[in-house]
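Using the sequences and the accompanying hints, generate a full structural model.
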Amino acid sequence: MEGLVKMEMDRMTNKVKINWLDLLKVIAVFMVIVAHANDCIILNQDGNFNFEWGTYIGSLYRFAVPLFVLISGVLLLPAKLGTIEFYKKRLWRIVPALLFWGLVYVLFDGLVLNHKAWDKILMEIAKLPLSFGDSAPHLWYLYMLVGLYLVIPIISPWVVKATKRELELVLAIFIFSTFIPYLKFLTGLAFGVCDWNEFHSFYYLSGFIGYLLMGYYLYTYLPGWSNKAKRWTGAFLFLTGYGITYYLTISVPFSIPNIEMVWYYCSPNVLLEAVGVFLLVEGMEFKEGLLLKVIQTIAHYSFGIFLVHYFFIGVIFRYIAAHFDLHPGVNVLVSCMLTLFIAFAVVWILARFRLTRKLVM
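Here the sequence shown stands for residues 1 to 361, where the numbers follow the UniProt record's numbering.
The hints are simulated quantities; they were obtained by calculation from the structure and are not laboratory data. Please read all numbers here as calculations on a predicted model, not as lab measurements. Built from N, CA and C at the ideal position, the CB exists for glycine as well. Be aware that a few hints might be false.
Claimed, not checked - Subject to a maximum C-alpha distance of 25 Å in a straight line, what follows is the list of computed BS3-like cross-link-like pairs (lysine-lysine): (1) K230 x K164; (2) K127 x K358; (3) K127 x K116; (4) K184 x K230.
As the list claims (entries may be wrong) - Beta-carbon label-pair distances, calculated as ranges: (5) D119 x T240: 49 to 55 Å; (6) M361 x G82: 20 to 26 Å; (7) I173 x M337: 37 to 43 Å; (8) W196 x L130: 18 to 24 Å; (9) I154 x D325: 51 to 57 Å; (10) S201 x A126: 34 to 40 Å; (11) M144 x T356: 23 to 29 Å; (12) M337 x I154: 39 to 45 Å; (13) F341 x K120: 32 to 38 Å; (14) A126 x M361: 37 to 43 Å; (15) T233 x L292: 39 to 45 Å; (16) W158 x F341: 41 to 47 Å.
As structure tokens, this is what we get:
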């Protein structure tokens, strides 16, 4: 109990740098890059289509975005600022970057890659406040993140007062909600969902808000677990989630909606993967040295790396596929390492200038 109290005091005073969270950020951002390299296999853009390996890899990285949200649950719940102050601080970090990079991607795609007419380019720019475009599909995450930031100050008073048992009850409802897409697939019925109502009974306790609360719960109530218990549990959950994801991917009738259902971020199998990776890393201790410095540095620039990597990953993957006879899995690994290095270099340079720092940090 004393350890929990001390940890909570550290959280409230914000004095402790949690190195294992930095490692989780590095894993998450690298897996996002892997996801977009794997798109080149799934969408047959590499000249070496291999759906089998696309499925192996595609079942592996689905935890990346949920892992980011678990991290946010650790760092941001409960909110320490008032609602207005929280919105000013968090949304001011996200919205300008979202609009700026959305604009840059639209211009890059329209003027450099596909040579679109100006009327189409301007139409895509006009849509940016409402949604991401085809030129930068990864920016969907920022729109979702805005929603989480809007709700965090609202749920924070409850988080402060909730007992462990109350939190577990809400998380149990969230976990149950992850099965609803499968239930709808099998039966066509889903607790009130129909053509004119998408809000099922558990809608308001489903989605990424569940990952926020899960991250807070795991960080607050699991420090008493031994490292061995966390590692074995994490490995079991991750491998189980990965196995289920792969099996369902090759088993459902092939269609994009069915594959997306299996790979849905708020599915039970992806939840198992995300929590498994979290437990594998949670509480790790690192000695001062080069490895820790590399982890901290990449984590420090992870937001910017996420924003700019999409400029490079497709081009690099297709270039390597065209010029080197590599196995698709090896191509993904090499392409992602190169992309991580280039994206890091670009963000590091942009962070040196006051005008662009806020757009990548």
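Hint-by-hint comparison with the structure:
no.	hint	in the structure
1	K230 x K164	holds, 19 Å
2	K127 x K358	holds, 23 Å
3	K127 x K116	holds, 16 Å
4	K184 x K230	violated, 33 Å
5	D119 x T240: 49 to 55 Å	holds, 50 Å
6	M361 x G82: 20 to 26 Å	holds, 24 Å
7	I173 x M337: 37 to 43 Å	holds, 40 Å
8	W196 x L130: 18 to 24 Å	holds, 22 Å
9	I154 x D325: 51 to 57 Å	holds, 54 Å
10	S201 x A126: 34 to 40 Å	holds, 37 Å
11	M144 x T356: 23 to 29 Å	holds, 24 Å
12	M337 x I154: 39 to 45 Å	holds, 41 Å
13	F341 x K120: 32 to 38 Å	holds, 33 Å
14	A126 x M361: 37 to 43 Å	violated, 28 Å
15	T233 x L292: 39 to 45 Å	violated, 25 Å
16	W158 x F341: 41 to 47 Å	holds, 43 Å
When the structure is compared with the earlier hints, violations turn up for hints 4, 14 and 15 and for no others.
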